[in-house]
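**Student:** So you can see what is in the structure, the chains are spelled out below.
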Amino acid sequence: MKLWARTWPGAPALALILAAALALVLAAGASSTLAAEQGPGMDAHGQLQNPVLQTRFERITKELRCLVCQNESIADSNVDLAADLRRQVREMLVAGKTDEAIFKYMTDRYGEFVRFAPPLTAKTALIWGAPFIVLLLGSFIIVRVVRQRSRMPIEE
Amino acid sequence: MWKFLLPFAAFVALVVLFAVGLNPNRDIHALPSPLIGKPAPEFALKDVLDPARTVSNASYRGQVYVLNVWATWCVPCRQEQEALLAISRRHVVPIIGLNYRDDHDKAKLWLEQLGNPYTAVAFDGDGRTAIDWGVYGAPETYLVDTHGRVIFKFISPMTEEVWEKEFLPRITAARSGA
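Which chain is which? The protein sequence lines are A and B, in order. Last residue of the first sequence: 156 in this note's numbering, with the numbers rising by one and none dropped. Last residue of the second sequence: 178 in this note's numbering, with the numbers rising by one and none dropped.
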């Protein structure tokens, strides 16, 4: 391997391409094992037959937290509970439920924590507002520091 | 003055934050249940011990009862089994078991070998009833009052100490309030 790398300067590039291809194959394999679930209204690849519903399904399940693993979405998690919740989302989509109805179903049972992006309410105002507060605070400090410095005599 | 006070205040704030956040007794996986104060979700499921029978929590209406979520794959459930048996022998309230995402035969064998602390054991093989109750692990134990409302949820293996401290006072209060 080492000899080969020395004799041919293109080897590192080829190795990189091979590694990338391997990563792609592995990723595809991982996602297909996750997606191969069966149920009403689904095709052999574990996808909803209706592509509009499948798109909504993918978006909604990315938005819902897996409560066992907490920092993974139910779309990404292999845990049994995540599979149950995916089945629930799928069934509700096939039954013609709206996105709001599905999110409400989940928060009624698991609380706001089940959503990665909590809705803006009095309770969550601080979470949503904090970045802006920090931004304002930061710019205020920068402005003050810059003004102070500009008043200082330039030392040589 | 401010130059010293501000960093000091920030320091105190951090100490408080860490004292709360890094407290080893705090279970970071324990989530508040949105079900507290709400009507207990109804279920009518097959009985693990006698599939011909149906276990329904509707038949416990008007009583304070406990719902304990367990499974044979759940290691801490084995740990709490003895406490549950001891608690059931006191006959304070009915304890309904919810056998969560389990194998029916294994569940039956478990109860026959380790003892059965439950008044009735409902078989929730596909986990649908568990979703209604907001179950996200096992064991979980719920307390329902005489009005059929969930008043308490405990996430961890049950112990006799927890029963004395967390459940008994709430059961007494629920009964006197009814």
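Keep in mind that a hint or two might mislead.
Just the calculated beta-carbon pair ranges, DEER-fashion [as the list claims (entries may be wrong)]:
#1 A:I133 / B:I28: 22 to 30 Å
#2 A:H45 / B:A58: 36 to 44 Å
#3 A:V146 / B:P24: 24 to 32 Å
#4 A:C69 / B:Q79: 20 to 28 Å
#5 A:T55 / B:V20: 20 to 28 Å
#6 B:L5 / A:K104: 21 to 29 Å
#7 A:V68 / B:R61: 42 to 50 Å
#8 B:F4 / A:V68: 40 to 48 Å
#9 B:A58 / A:K104: 31 to 39 Å
Sample of chain A residues at the chain B side, in silico, Cβ under 7 Å [unchecked claim]:
#10 V68
#11 C69
#12 V79
#13 D80
#14 L81
#15 D84
#16 R109
#17 Y110
#18 G111
To be clear, the hints were calculated from the coordinates, so they are not data collected in a lab. Yeah, the Cβ is synthetic: ideal placement off N, Cα and C, and Gly gets one too.
**Student:** If a hint holds in the structure, say so; if it doesn't, say that too.
**Tutor:** Hints versus structure:
no.: 1; hint: A:I133 / B:I28: 22 to 30 Å; in the structure: holds, 26 Å
no.: 2; hint: A:H45 / B:A58: 36 to 44 Å; in the structure: holds, 41 Å
no.: 3; hint: A:V146 / B:P24: 24 to 32 Å; in the structure: violated, 45 Å
no.: 4; hint: A:C69 / B:Q79: 20 to 28 Å; in the structure: holds, 22 Å
no.: 5; hint: A:T55 / B:V20: 20 to 28 Å; in the structure: violated, 41 Å
no.: 6; hint: B:L5 / A:K104: 21 to 29 Å; in the structure: violated, 47 Å
no.: 7; hint: A:V68 / B:R61: 42 to 50 Å; in the structure: violated, 32 Å
no.: 8; hint: B:F4 / A:V68: 40 to 48 Å; in the structure: holds, 47 Å
no.: 9; hint: B:A58 / A:K104: 31 to 39 Å; in the structure: violated, 24 Å
no.: 10; hint: V68; in the structure: holds, 6 Å
no.: 11; hint: C69; in the structure: violated, 10 Å
no.: 12; hint: V79; in the structure: violated, 9 Å
no.: 13; hint: D80; in the structure: holds, 6 Å
no.: 14; hint: L81; in the structure: holds, 6 Å
no.: 15; hint: D84; in the structure: holds, 5 Å
no.: 16; hint: R109; in the structure: holds, 4 Å
no.: 17; hint: Y110; in the structure: holds, 5 Å
no.: 18; hint: G111; in the structure: holds, 4 Å
The earlier numbered hints that this structure contradicts are 3, 5, 6, 7, 9, 11 and 12.
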